[in-house]
Amino acid sequence: MKRGHDRARPARDTALRRVAREARPFLRARTAAILRLSGWSLLEFAQTFLGGYGVARALDDGFLAGRPVTGLLWLAVAAVAVLPSVLAARGVFGRLADLVEPLRDGLVRRAVARALSGALGRSGDVSTRSLSQVTHQSEIARDGWAGLVLTLRSFVFTAAGAVTGLLALSPALLLIVLPPLVLGSALFLGTLPPMAARQRAYLAADEAYAAHAGELAASVRDIAAAGTAERTVAGSRALAETQLAASRSLARWSAVRVVALAVCGRFPPLLLLLGAPWLLRNGLTPGGLVGALTYLTQALAPAVQALMTMLGTAGGRLVVVLDRFTDAPPPPADEPAREASPPPAQGPARDTPVAELHEVTFAYGPRAHPVLDRLSLTVGAGEHLAVVGPSGSGKSTLAAVLAGTERPTGGAVRWRGRPARPADATSVRVLLPQHAYVFTGTLRDNLRYLRPDARDREIAAMADAVGLDALLSRLGSLDAAVEPDRLSQGERQLVALGRAYLAAPPLLILDEATSRLDPAAETRAELAFAALPGALVVVAHRLGSARRADRTLVMDGPRTQCGTPGELLRTSALYRDLSGLWEPGEEHAIRSTPPPSPV
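If you want the working numbering, it's the position in the sequence shown, counting the first as 1, plus 28.
Treat the hints as calculated values from the structure; they're not laboratory data.
Backbone N, C-alpha and C define an ideal beta-carbon position, used for all residues, glycine too.
Hints are supplied without guarantee of correctness; some may be wrong.
Beta-carbon label-pair distances, calculated as ranges [stated by the list, open to error]:
1) Ser275 / Arg502: 54 to 60 Å
2) Leu211 / Val108: 34 to 40 Å
3) Arg402 / Arg265: 23 to 29 Å
4) Ala440 / Ala290: 26 to 32 Å
5) Ala257 / Gly585: 17 to 23 Å
6) Ala290 / Val110: 49 to 55 Å
7) Ala196 / Leu55: 41 to 47 Å
8) Leu211 / Arg402: 30 to 36 Å
9) Ser277 / Ala57: 20 to 26 Å
10) Leu211 / Arg395: 43 to 49 Å
11) Ala266 / Arg472: 21 to 27 Å
12) Asp578 / Ser419: 39 to 45 Å
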């Protein structure tokens, strides 16, 4: 029952309530600034009142009564009332800064504190969320809050001046003016919740895109090395389309707001003209009628329209943005603690697979044909698995999904019996793409990139096992400077292979990482890796890799078949084609051979 109560609480605790709860102490601390702002705004009240009342008196007591001088004097009073409000603009904007700038500074401090706390606590992508808050959302809040204060202040004092003037002219005028204002306001307020929801969706899409952009900025070299530029562009396009869809949905609700604005701003003057005969029969003077029309067209209707426009755009956006700052970052999921090293092989844990794919499906778009279609695969500890298939059959995609750099669109990926998490990647697997990454520095630094504590004797044993001794002899020593442009593609691959050998991860995935080596060097490297205790998955470009493997996965798009090399020679036509062993007369005998066991 307690859990259900906790789940129901956020539904009642709306964004507006959360923001209001945070806003009350902020406004109480700035009461003096609000009073000073209100003091300057009293001049706007006087201008509004005298504007309509002066026109009414100029007609009734002046021009219609045959006293033009009196009429001109009343018009002069209405005109002079504009001057103090113009002079008060400087005071209003000075007091406005006392309310706006502290808000923005406080939001930036809160976002920075949250980012630092998230970084220290390793709580995921809080820092990328805070990036959008500091650079974009804080400015939205600042501009929205400034516009809302100015508009609300103007509406309150303008409406007070107009209503006071209408009461002074004739209380019956309120019977004509108030109904359309109330109706339009109710219609407008009804649009605020769905617009706020869509504004929140838009900002969530904006944060997601900012997080994606941050990841790209830090991973450009890896994207180029892994050859995943097209997938990265597709992901960026999908996030941009999501943001565009949220923006369009938000814009569609503006049509309803236009209707509400028309009811509030256009109907009162029209109803006043339609009700003029009745008003005149009940004591309203001609000057009072013109003065009321002045209040509606020059003061009240524009103030209502400005307020609704502000609330419908900047106001809704302001509430959503402030809610993003007041809302606590999502708690981490209930997952086991990260392990710095693989668990010891004791009891049943010894039989736990290093990696598993369970009914995994992957496609590069919602309508694209799947590259992987409900593929299940198990890679055991110490196993050597080769992946073969024609170009474009999905081998590199499989490697990326198995390594956790691509998320499947269906199914599950597990590492050592647990759901694959980015936080566990460095302790579980190493993925070597075809284009090896070598940086400017010493050979020692390049080789110890994944294992900084590797000793020289371990590096020497690695060089002998992988076949790096020739490059080491050419450079002269481990402290020799490495210039990537002066290394051949094969030498770069050897450096990357040596780096992975020293790391000795539980799962090593070679995505054509030996394609620039000659067959003898490739065989030496793969045998060295196969002798390590971890699992080895080789996306092969030569069939020799498949013959050396314990099992081979043959990929032909979403169609796959897995077995030992001997089993596949009997059961897989594609494998025989790749091996160059297909003979037309053996089809009948092959079909009579039972298929290999499932993966």
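Evaluation of the provided hints:
A C-beta distance of roughly 58 Å is found between Ser275 and Arg502, which places it inside the suggested range of 54 to 60 Å. For Leu211 and Val108, the hinted distance range of 34 to 40 Å is satisfied, since their beta carbons lie about 36 Å from each other. Taken as a hint, the range 23 to 29 Å holds for the pair Arg402 and Arg265, whose Cβ atoms sit roughly 26 Å apart. Look at Ala440 against Ala290: about 54 Å separates their beta carbons, and that is not inside 26 to 32 Å.
Between Ala257 and Gly585, the C-beta spacing of about 22 Å keeps the proposed range 17 to 23 Å intact. For Ala290 and Val110, the Cβ-Cβ distance of about 28 Å falls outside the hinted range of 49 to 55 Å, so the restraint is violated. Separated by about 32 Å at the C-beta atoms, Ala196 and Leu55 break the suggested range of 41 to 47 Å. Checking the proposed 30 to 36 Å range against Leu211 and Arg402 shows it is violated: the Cβ atoms sit about 57 Å from each other.
The hinted window of 20 to 26 Å between Ser277 and Ala57 is violated, with their beta carbons roughly 37 Å apart. Look at Leu211 against Arg395: about 45 Å separates their beta carbons, and that is inside 43 to 49 Å. Taking 21 to 27 Å as the suggested C-beta distance range, the pair Ala266 and Arg472 does not conform, at roughly 42 Å. Here the CB-CB span from Asp578 to Ser419 is close to 25 Å, at odds with the stated 39 to 45 Å.
Figure legend: structure checked against the earlier numbered hints; hints not met, in rising order: 4, 6, 7, 8, 9, 11 and 12.
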